[in-house]
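Please arrange chain B on chain A, whose structure you already have, making use of the hints.
Protein chains in written order, with our numbering: chain A, 1 to 247; chain B, 1 to 247.
Heads up, none of these hints are tricks.
Under the rule of at most 25 Å between Cα atoms (straight-line distance), these lysine-lysine pairs were calculated in the BS3-like manner:
1) Lys129(A) with Lys93(B)
2) Lys129(A) with Lys67(A)
3) Lys9(B) with Lys94(A)
4) Lys94(B) with Lys9(A)
5) Lys93(A) with Lys93(B)
6) Lys94(B) with Lys93(A)
7) Lys93(A) with Lys129(A)
8) Lys129(B) with Lys93(B)
9) Lys93(A) with Lys9(B)
10) Lys93(B) with Lys9(A)
11) Lys94(A) with Lys129(B)
12) Lys186(B) with Lys186(A)
13) Lys94(A) with Lys129(A)
14) Lys93(A) with Lys129(B)
15) Lys94(B) with Lys129(A)
16) Lys129(B) with Lys94(B)
17) Lys94(B) with Lys94(A)
18) Lys94(A) with Lys93(B)
If you anchor each label on the Cβ, the simulated ranges turn out as follows:
19) Gly179(A) with Pro176(B): 20 to 30 Å
20) Gly179(A) with Gln79(B): 20 to 30 Å
21) Arg247(A) with Gly165(B): 23 to 33 Å
22) Asp161(B) with Arg127(A): 49 to 59 Å
23) Ala95(B) with Ser122(A): 19 to 29 Å
24) Arg247(B) with His32(A): 48 to 58 Å
Simulated from the structure, these hints should not be mistaken for lab results. The beta-carbon is built from N, C-alpha and C at its ideal position, and this holds for glycine as well.
There are 2 protein chains.
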Amino acid sequence: MVCLMSLAKIRLYVDHPLGPGQSLPLEEGQAHYLFGVMREGQGARVLLFNGRDGEWLAEVTEAGKRKGVLACLEQTRPQTGLADLWLLFAPVKKARTDMIVEKAVELGAARLLPVATDYTNSERLRRDKAEAHVREAAEQCGALTLPEVADMAPLARLLSDWPAGRRILWADESAPPGGPLAPLGKAAPDPWAILIGPEGGFSQAERDRLRSLPFVTPVSLGPRILRAETAAIAALTLWQATLGDWR
Amino acid sequence: MVCLMSLAKIRLYVDHPLGPGQSLPLEEGQAHYLFGVMREGQGARVLLFNGRDGEWLAEVTEAGKRKGVLACLEQTRPQTGLADLWLLFAPVKKARTDMIVEKAVELGAARLLPVATDYTNSERLRRDKAEAHVREAAEQCGALTLPEVADMAPLARLLSDWPAGRRILWADESAPPGGPLAPLGKAAPDPWAILIGPEGGFSQAERDRLRSLPFVTPVSLGPRILRAETAAIAALTLWQATLGDWR
Numbered sequence: 001m002v003c004l005m006s007l008a009k010i011r012l013y014v015d016h017p018l019g020p021g022q023s024l025p026l027e028e029g030q031a032h033y034l035f036g037v038m039r040e041g042q043g044a045r046v047l048l049f050n051g052r053d054g055e056w057l058a059e060v061t062e063a064g065k066r067k068g069v070l071a072c073l074e075q076t077r078p079q080t081g082l083a084d085l086w087l088l089f090a091p092v093k094k095a096r097t098d099m100i101v102e103k104a105v106e107l108g109a110a111r112l113l114p115v116a117t118d119y120t121n122s123e124r125l126r127r128d129k130a131e132a133h134v135r136e137a138a139e140q141c142g143a144l145t146l147p148e149v150a151d152m153a154p155l156a157r158l159l160s161d162w163p164a165g166r167r168i169l170w171a172d173e174s175a176p177p178g179g180p181l182a183p184l185g186k187a188a189p190d191p192w193a194i195l196i197g198p199e200g201g202f203s204q205a206e207r208d209r210l211r212s213l214p215f216v217t218p219v220s221l222g223p224r225i226l227r228a229e230t231a232a233i234a235a236l237t238l239w240q241a242t243l244g245d246w247r
Numbered sequence: 001m002v003c004l005m006s007l008a009k010i011r012l013y014v015d016h017p018l019g020p021g022q023s024l025p026l027e028e029g030q031a032h033y034l035f036g037v038m039r040e041g042q043g044a045r046v047l048l049f050n051g052r053d054g055e056w057l058a059e060v061t062e063a064g065k066r067k068g069v070l071a072c073l074e075q076t077r078p079q080t081g082l083a084d085l086w087l088l089f090a091p092v093k094k095a096r097t098d099m100i101v102e103k104a105v106e107l108g109a110a111r112l113l114p115v116a117t118d119y120t121n122s123e124r125l126r127r128d129k130a131e132a133h134v135r136e137a138a139e140q141c142g143a144l145t146l147p148e149v150a151d152m153a154p155l156a157r158l159l160s161d162w163p164a165g166r167r168i169l170w171a172d173e174s175a176p177p178g179g180p181l182a183p184l185g186k187a188a189p190d191p192w193a194i195l196i197g198p199e200g201g202f203s204q205a206e207r208d209r210l211r212s213l214p215f216v217t218p219v220s221l222g223p224r225i226l227r228a229e230t231a232a233i234a235a236l237t238l239w240q241a242t243l244g245d246w247r
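Just chain A, same shape as in the assembly:
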């Protein structure tokens, strides 16, 4: 990945078609970042992606105070998709929730679903802020696709309407320790979802419900108590290494 980034230091997500000879306007915020903050100007090279047309090396052809125009030079990577993995997580304190979002992008989750559980500490998650974090993390980590952010929903309702054929890997603090890889090693690759609870864990009623569902696979993440964001990163890592795009 290092070699690709060396073509251009700055990598931007744009919501515009990319292709040979394509030129496109910069958003005001990106123009400010590129010309005001990063001190780039005409002739500067950046990498662009839009989630559909792969990654392109582009050149600044016009640089204004809060506007600019880019021209695509050549495709640096073809478009690829993400593994069909969702992350269901209970929002925690702001900085740690931001981290869950950032890490989910780095680790290739395709959809982020904030869930309200019995012990959820935070009642809401601002979807627009989460989407801005997703975009920033994707620009940083070289992802070609932005994961989707869903509106916050109660866990009970998500489980009632759960789509057929999608399995849940449940980071279960009460699971007996041992062998987090064993249940994944024999499983089909996707679709899957990972479920991470809030700092207080899941209530007894939630644990009973989860244990009764045939599509839920509990997994122990070791003998220590992991914070929510650590559990999210660990579970995403195990899934990607056994069933996802790290294989």
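Below, chain B without anything else, positioned relative to chain A:
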């Protein structure tokens, strides 16, 4: 783990023997935290550990403004050790370095070694601050042992003096993707070390050196560029799940 924490909400590391009938003074900072911040008083119950005598339920027998006395009631868990796993990491920005330290404790590393590499962004790491983070993280995650924090050392020197018999799992951004679990699946459990680079990765000279060493196993952590703390958590997770105390 949840059941143990419900005996007492507060868990403290103390540098004092713990045993049946043992009483011990509280440090000034801990007395302030317990009585001033948490509003606890005489009769309050806390969990104690010292890295040697397991975990003990204790009761506050004297509560003063900045002092106090605890008495051990009963052992809640016997002492266990950590897997013999070191984490070598290049300090990055402060908040992210703090996170590496916190997560290394949660994920059961036994020794943290800050390393200076060719592209290390930060020249030093305050060992006393790192040790305070280690203590706080261990109190929070239920660990029974504090990992040791080493003084910062140049990577080249560490590699020259590398102890015989200890292997290194190297998070290598330039490794071809695929199969991070394969090299671990066939390996002996420990001693091991994980090596994580700074945000800029390793220099060509460092990569050549690492590739030439027979005790170094490069591993790819997927197709995206992981931040240093994400790579540390992911590598610790993979090691613990295949060779460590999550098995």
